[in-house]
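All chains, full assembly: derive it from the sequences and hints.
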Amino acid sequence: MLISTIKSIAILIMVGIFYWLPFTGNQAQAIASTWDKETAPLLSSSKEVSVYRSPYCGCCEDWIKHMQKHGFQIKDDVKTENMEAVKQEYQVPSQLESCHTAIIDGYVIEGHVPADDIKRFVAQSPKQIGLSVPGMVSGSPGMEMGNKKDPFSIVSFDNNGEMQIFKEYRSY
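Numbering (the UniProt record's numbering), first residue to last: 1 to 172.
There's no promise every hint is true.
[Stated by the list, open to error] Restricting the straight-line Cα-Cα distance to at most 25 Å, the calculated cross-link-like pairs of lysine to aspartate or glutamate (DMTMM-like) are:
{"hint": "1", "residue 1": "Lys148", "residue 2": "Asp158"}
{"hint": "2", "residue 1": "Lys37", "residue 2": "Glu89"}
{"hint": "3", "residue 1": "Lys65", "residue 2": "Asp76"}
{"hint": "4", "residue 1": "Lys65", "residue 2": "Glu81"}
{"hint": "5", "residue 1": "Lys149", "residue 2": "Glu168"}
{"hint": "6", "residue 1": "Lys87", "residue 2": "Glu168"}
{"hint": "7", "residue 1": "Lys37", "residue 2": "Asp150"}
{"hint": "8", "residue 1": "Lys69", "residue 2": "Glu84"}
{"hint": "9", "residue 1": "Lys148", "residue 2": "Asp62"}
{"hint": "10", "residue 1": "Lys65", "residue 2": "Glu168"}
{"hint": "11", "residue 1": "Lys37", "residue 2": "Glu81"}
{"hint": "12", "residue 1": "Lys79", "residue 2": "Asp105"}
{"hint": "13", "residue 1": "Lys47", "residue 2": "Asp116"}
{"hint": "14", "residue 1": "Lys79", "residue 2": "Glu97"}
{"hint": "15", "residue 1": "Lys148", "residue 2": "Glu162"}
{"hint": "16", "residue 1": "Lys37", "residue 2": "Asp77"}
{"hint": "17", "residue 1": "Lys127", "residue 2": "Asp150"}
{"hint": "18", "residue 1": "Lys47", "residue 2": "Glu61"}
[What the hints assert, rightly or not] Simulated restraints, written as ranges between beta carbons of each label pair:
{"hint": "19", "residue 1": "Gly106", "residue 2": "Asn147", "range": "20 to 28 Å"}
{"hint": "20", "residue 1": "Gly146", "residue 2": "Ala85", "range": "28 to 36 Å"}
{"hint": "21", "residue 1": "Glu97", "residue 2": "Glu168", "range": "16 to 24 Å"}
{"hint": "22", "residue 1": "Cys57", "residue 2": "Ser153", "range": "18 to 26 Å"}
{"hint": "23", "residue 1": "Gln124", "residue 2": "Tyr56", "range": "17 to 25 Å"}
It should be emphasised that the hints constitute simulated quantities derived from the structure, not laboratory data.
Where is the CB? At the ideal position from N, CA and C, for every residue including glycine.
Dropping the structure here:
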């Protein structure tokens, strides 16, 4: 019984290695660099970011690295088991929820929003309270998966729950 369990674990490890191998090395770096090229200037007032996330989320760490590459400083990296309370406190509409919530200059950033879009949003000083990339979109910053790039929309929202498309990514 123990030997068959060990064999099963070894097989699962090998399958995992061969599955993830194509997403490592130069290919993954080339895809990640899609988001690494900075196109919008960082305003001095919008450098500090507070991030709330589950302690078990790996893609959140990748999004944080993306933000740092664009000049943002992570002031707080709060790992919490109660993300629902964070989303309620910051008035994130349930249909716009993702894995992490960030606060920049009082604006709410939900999910894998590209840094340059955050810079443009904050620079506009809009009446909306935040931006969201709902869900876990393959190809968005922090969710790079080789050549897989799903289309996605960045949605702005206000404190009344009104939403509108801020930007769309169909091919990037």
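Each hint, compared with the structure:
1. Lys148 to Asp158: violated, 31 Å
2. Lys37 to Glu89: violated, 33 Å
3. Lys65 to Asp76: The given pair, whose Cα atoms are some 14 Å apart, holds under the 25 Å limit.
4. Lys65 to Glu81: holds, 22 Å
5. Lys149 to Glu168: holds, 13 Å
6. Lys87 to Glu168: holds, 23 Å
7. Lys37 to Asp150: It holds: about 19 Å lies between the C-alpha atoms, which stays within 25 Å.
8. Lys69 to Glu84: Not satisfied, since the Cα-Cα distance of roughly 28 Å exceeds 25 Å.
9. Lys148 to Asp62: holds, 17 Å
10. Lys65 to Glu168: Holds, because 23 Å separates the two Cα atoms, which is no more than 25 Å.
11. Lys37 to Glu81: violated, 33 Å
12. Lys79 to Asp105: Given that 25 Å is the threshold and the Cα spacing comes to 20 Å, the pair holds.
13. Lys47 to Asp116: Within the cut-off at roughly 13 Å; holds.
14. Lys79 to Glu97: Roughly 17 Å between the alpha carbons, so the hint for Lys79 and Glu97 holds.
15. Lys148 to Glu162: violated, 31 Å
16. Lys37 to Asp77: Given pair Lys37, Asp77 holds - Cα atoms ~24 Å apart, limit 25 Å.
17. Lys127 to Asp150: With Cα atoms ~29 Å apart, Lys127 and Asp150 exceed 25 Å; violated.
18. Lys47 to Glu61: holds, 18 Å
19. Gly106 to Asn147: 20 to 28 Å: Since the Cβ atoms of Gly106 and Asn147 sit about 37 Å apart, the hinted range of 20 to 28 Å is violated.
20. Gly146 to Ala85: 28 to 36 Å: holds, 35 Å
21. Glu97 to Glu168: 16 to 24 Å: holds, 19 Å
22. Cys57 to Ser153: 18 to 26 Å: holds, 22 Å
23. Gln124 to Tyr56: 17 to 25 Å: Violated - the Cβ-Cβ distance for Gln124 and Tyr56, about 34 Å, lies outside 17 to 25 Å.
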